[in-house]
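Residue numbers (numbering that gives the first Met the number 0), protein chains in the order written: chain A, 0 to 298; chain B, 0 to 284; chain C, 0 to 287; chain D, 0 to 294.
Bear in mind the hints are in silico, worked out from the structure with no lab data behind them. None of the values given here were measured: they were computed from a predicted structure. Take the hints with a grain of salt, since some may be wrong.
Unchecked claim - Reference excerpt, derived from the structure (chain C facing chain A, CB under 8 Å, subset only):
no.: 1; residue: Y92
no.: 2; residue: A137
no.: 3; residue: G258
no.: 4; residue: M259
For each residue, glycine too, the CB sits at the ideal point set by N, CA and C.
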Amino acid sequence: MSVIAHDVYAGDRTPARRQQPTGFGMALHRAKKGLRSPTPYLMVFGIAVWLFAYWLLCEGLSLPRFEKIPGPVTILSDWISANPQQGTSIYTPDYYQHIYVSCRRILIAFVLATALGVPLGLLMGWSAKVKDYTFPLFETLRPIPIMAWVPLAILMFAGYETPVIFLATLASFFATTLNTMLGVQSIDESYFRAAGCLGSRKRDVFWHVVVPGAMPFIFTGLQISIGVAWFSLVAAEMVSGDFGLGYLILSSYVNSVTVPMVIGMLTLGFVGWFSSAIVRFVGNRLMQWHVKALAMQGR
Amino acid sequence: MQSQIFSAPTVPTKGAISIRDVTKIYDPDGAQVMAVDHCSMEIAPGEVCMIVGPSGCGKTTLLNAIAGFHSITEGEILLDGVPLCGPKHPLASQASDRIVVFQNGALFPWKTLAENVAYGPMVQRRWPKAECIERARAALKEAGLGNVADKYPGEVSSGMARRAEIVRALINEPKVLLLDEPYRAMDALTKQIMHEALLEMYDRTKVTIYFITHDLEEAIFLGDKVYVMTTRPCRVKKVIDIDLPRPRDYTTLTSEAFRLLVKEADEAVHEEALKAFQAGEREMA
Amino acid sequence: MSAVTALPSQAPAPRVFKRRSKFERAVSSPRFWRGIAGILAFLALWEFGAWAKAGLGLEIPFFGKLPAPSAVAAAAAEVVVQPGYWWSWVESYKRVLGGFVIAMILGIPFGLALAVNKYFRDVFFPPFEILRPIPPLAWVPASLIFWPTNEMSIIFVTFLGAFFTIVINVLGGARTIDVRYLRAAQSMGATQWHLFSRVILPGTLPSIFTGAAVGMGITWNVVLAAEMVSGGGSQAGGGLGFFIWSSYMGGSMEHIIVGMISIGIAGYLSSALIRVLGERVMPWRRAF
Amino acid sequence: MTTTAAKPTAVTAPVDHAAGKSRVELKNVSRGFGEDWAREEVVRNLTFEIKPGDLTCIVGPSGCGKSTIVNMVAGYDHPDSGEILLNGQKVVGPAKDRMVVFQETALMPWQTTFDNVVFGPRLRHEGSRPEIEKEAHRLLEKVGLGEFKQKYPSQLSGGMQRRAELARALINRPLLLIMDEPFRGLDAMSRPLMQEFFLRLFEENRRTNLFVTSEIEEAIFLADRLVVLSNRPAQVRAVIEIPLPRPRQFHMMSSPEVFEIKRQALEILHDEAMKSFGGAAHFAHRGPAEHEARA
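Chain A extracted, bound-state conformation (with noise of 0.2 Å):
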């Protein structure tokens, strides 16, 4: 018997199931067993005891040092008010702008420091001789804070753009390179050799191997990249800049109006979980490989 000749194994045989459901059938379904388990109020329950614990100490009792932040009323009926008492709302364009400013900058020092990063971290990894040189200089650098290179960046640059961007830059760009050059190491030596074996030139092994090899890990690191570009473009923002929701936060506190500073934070929040959610989906896109080997995974 030949166990080849007519495609025993490749043909369908899973075994007989009921019709499979069409999308929106299985999302009803999956929808109405969740609304049986408790999972979905207690969620709810969470938030909403959160919010009223929140409420009840800044507003409902005001306690004392509690008074001092404004409560949820408080903040929500600024947010959505055409008349702000404190300033800022969703019908100033003033907001828009510190949004818009915050976002380019994480855009241009984002889209840098993968431009860099992506391609030293793959020549780090692919090339042992590239990495001894270079990677104990990186080692020492790392150590030192982001927030310790914001004095000697404002003292370098010139103008409030630079300086943030150049920080924002420069924290993605060592977790990119990282991520990127770990990502290289990470691929199994038996791909180099079959590729080897299948006749591959160094520039097929590069663009079929190397590059495609350590995407998962870029994308990790491009996830901490955005991240910490977050993170120091606050704090540059915070110390040198005129626009921006880091600007708009510490201006605010030092004006004394409490609203617009929670606002920006909540927008901060918003906006950075948005931005890594983008980079999320754009991995996903790119490896779809990955994403159904997982699936197959039961991860």
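Starting from the known structure of chain A, arrange chains B, C and D on it as the hints suggest.
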């Protein structure tokens, strides 16, 4: 459609490997370790040559030397009379006339099966890119993998992935196929079917096969010749000619001739296994 | 928080032959000297940049703006003999450790509770996730308003910075413990408490230390920022962040760089401490 | 096709450990996994029996549901219908009367080999400390790990880890020892050595044993009875008695008798393996999701 990969010459003429007096000494931290000790083998064109030995005995070192992953210290290796590596250039070049199928599988996980199979011809510029993919698909179909050609390796079972890897090797029309314990992680039953699939591909191509394993029954079932190796340093301990008729299938496993062959080799293998085992325990302590 | 990348464990080299010490081997390998060469080249370029500007009037980008390393070294020699400089170390360490230790004390139990109890997780995880994306530094002004002293607000922000990282790592670590360990323990008659203390806790330790190492990095950043933003001129002065900030105010680049290097060393020492501690607490990780 | 040759298995073992002689019955056990529309039965109407003091081997193609059976007998998972009886009592959850030796080692990496072995008795405060430790030393000597007591599992080789795990199971004096493909992943050369070692251990006091494997040779060499399973959903295809005398020796494996048994079993299994190859193998390495394994 004309067969893409399975076109066997009536009498195989290429793919003879001569391993002559090869020695390999590793040098970790200045302490010399002999992995292979004056080893010689003559492998005829189209022969299925099985190398059996305990793990870590140095049989992979020989494979690495043939494939061009590692250099050798002494001796020489020839392919069809042409030296691959010898005293002058101890490291063989890597080329598509000798293709390795790896222990844990080395299909690129970021390419679909068809792209994987097309990779070799593509980087060698044998055909235009579209044609490479086309031929890869046809080859996969012949190997019974037509339905999964557009899946990623992570999406198919390990058995399918391993067969696709063999197809990826064969589409380059190599002279020698080097297999490094490719079925090690599989359970016995899957393994059995994999063997039958491999033999079927072999029967159609008659490519020379150099197959490393530590499973004696696997070796006897597949091979024309079984080399039992000693534990480190690696030397040839015993050579057994397998005269079981081809084509073979699972009924061969229970035939009288098979039983006698196993009996003949078993003692030698068991002895080496015990030695390796004891050495292992000593090393750990 | 996206996965924290740890260095992949390298395949152990054959350990049978170990004749020379680690140091000897390092020194005799070309890799070591290449690293030294890389660092020296960097220093030379830097020195040249400063020299070229003074001597030739030629300004190299980036390096041209910096004082020469020799000038920095001279400034450092001057600074390290002053007791005030060492007090900044003490101040900063006090803050870092204060916030960090509180974060560990609260974060580890919280993370474990999230991991082992589904209801607890359902209730407390969503608010945690809402607050987590806000960068710790954004809390600085709010915390200055809330806490009565600057010192307390710095420690609070430091705490926040480390807390989120530690909780996420503990949660992730505890939830990925192999189910076989739990099953084996159950078979041997382990109670819920045993499962927790004998399996989940030791199984989570590696993640706790990963979280601590990352958290420590964030902590230093936060302390510096807080010192710069709040400490400048006010009563809660001191600290290495303030050292840099006052050098900046005084316009002395040499001293800024001395401060940066000091912080680099301080940060390195604290992560080294965590690493050593980790090896002590988890002897099984040292095997191989 | 059920070969039920009545045969006295040259029972020479002393019947001293009453504890080891227990009977296990599976009655119409079924279990399925998955969402409603994609529910897949993994085990269907499984009925068989493990006789007291017997070593019963379950053999089946990979992914056929063997691990699910192990989980149910051990009490980690529960059948959808049917019941599992141990000495007439229904199995409801994991307990120390049924010990599992897992496919890959489940020694806790944060404890030394010795601490792993004494884990169970220490938890349950059975006997005094010196008593427990003495027993642990004895067992570790017996499995040949006397020198490795203070090593961590990661410092042991694969074969040593399995032996340590055997010691850890035995110190709890289980009524039933369950081995879930314990020698899988060991290389083909050290495997026979482990099998031989395990056999000596078993033949010493014949503790009732359920051994799961996909290797037919291993099964024949070790077992008193083979239960051959079908492809998923797992059903009993055949029960084959192995009439080899004990103590078993390797040379018995090349006897014509064994080859005949092997031939029978292979015929069934090959058939089943081929079936599983196309579709089910696809699902095999995914396995049923670990449902709510944590308390």
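Hints versus structure:
1. Y92: 14 Å, violated
2. A137: 5 Å, holds
3. G258: 7 Å, holds
4. M259: For M259/C, the interface hint holds, since the closest Cβ of chain A sits about 4 Å away, which is under 8 Å.
When the structure is compared with the earlier hints, a violation turns up for hint 1 alone.
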